[in-house]
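What follows is the residue order along each chain.
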Amino acid sequence: QKEVEQDPGPLSVPEGAIVSLNCTYSNSAFQYFMWYRQYSRKGPELLMYTYSSGNKEDGRFTAQVDKSSKYISLFIRDSQPSDSATYLCAMSARMGGNEKLTFGTGTRLTIIP
Amino acid sequence: NAGVMQNPRHLVRRRGQEARLRCSPMKGHSHVYWYRQLPEEGLKFMVYLQKENIIDESGMPKERFSAEFPKEGPSILRIQQVVRGDSAAYFCASLRGAGAPGANVLTFGAGSRLTVL
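First to last, the sequence lines map onto chains A and B. Take the first sequence: its position 79, counting from 1, is numbered 79 in this note's numbering, and each next residue is one higher. Take the second sequence: its position 92, counting from 1, is numbered 92 in this note's numbering, and each next residue is one higher.
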């Protein structure tokens, strides 16, 4: 079993729809949870960062963490064509004084105008 | 403040040649990570380095791959005797360091795309 599982998609939704992206994980040592967005042929860029269970909102984006269920989500409201990208979840655990990040495989999202 | 700089952006090699990929971390960042991304796949951890030290190389293939982060200059990912299966995007990322605010947030470069003919 992979430490981090993410549905690869692809996922296509009409402009204006609410998008839900999800990841599950198995390692209880993960303490920090991130979502990265990667446009085609670019490097990933940090979108959201959280470390506690609950919701964190930033504009049209909401990151949700449920540590008891080992489940994280990213919600995108009023989706725009510019949101079309691959979204990667990432989780961090402190291992021997160093940070170890583990990424999901990424979900490819297309917003249809 | 330039971000993480990677070069070359694109590299073409024939089988058996060597590939060298360079990464300059963000100013003030002393930790460098290398990841490999195959088409349609996620980011696979390769190696984690601090200046002059390899901290974690558990994701590096045992042969042909090596990495360094010297006291001066960029981090180098070196692939000897490349094979077609090495064709991928190689991303470098840096972070400020353990204990600093936002210490575990990686900043990625734009990647180096290696094509092996």
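In case anyone wonders, no lab produced these hints; they're calculated from the structure. Everything numeric in this text was worked out from a predicted model, so none of it was measured. Even for Gly, the Cβ is constructed at its ideal location relative to N, Cα and C. Among the hints, a few may not be true.
[Stated by the list, open to error] Derived Cβ-Cβ restraints for the label pairs, each shown as a range:
(1) B:E52 x A:N55: 40 to 48 Å
(2) B:K44 x A:Y51: 19 to 27 Å
(3) A:I112 x B:T115: 37 to 45 Å
(4) B:R9 x A:P81: 37 to 45 Å
(5) B:G59 x A:L11: 44 to 52 Å
(6) A:Y51 x B:G28: 35 to 43 Å
(7) A:P8 x B:P61: 39 to 47 Å
(8) A:S68 x B:R15: 48 to 56 Å
(9) A:G54 x B:T115: 40 to 48 Å
(10) A:Y51 x B:R15: 40 to 48 Å
(11) B:E41 x A:P81: 38 to 46 Å
(12) B:I76 x A:E45: 21 to 29 Å
(13) B:L117 x A:S68: 25 to 33 Å
(14) B:E18 x A:D78: 42 to 50 Å
[What the hints assert, rightly or not] Below, in silico cross-link-like pairs of lysine-lysine (PhoX-like), each with a Cα-Cα straight-line distance of 20 Å or less:
(15) B:K44 x B:K27
(16) A:K2 x A:K100
(17) A:K42 x B:K71
(18) B:K51 x A:K100
(19) A:K70 x A:K56
(20) B:K27 x B:K71
(21) B:K44 x B:K71
(22) A:K2 x B:K44
(23) A:K42 x A:K70
(24) A:K2 x A:K67
(25) A:K42 x B:K44
Review point. Where does the structure disagree with the numbered hints, that is, which hint numbers, in rising order?
Key: Hints 3, 4, 5, 6, 7, 11, 13, 15, 17, 21, 23 contradicted; others consistent.
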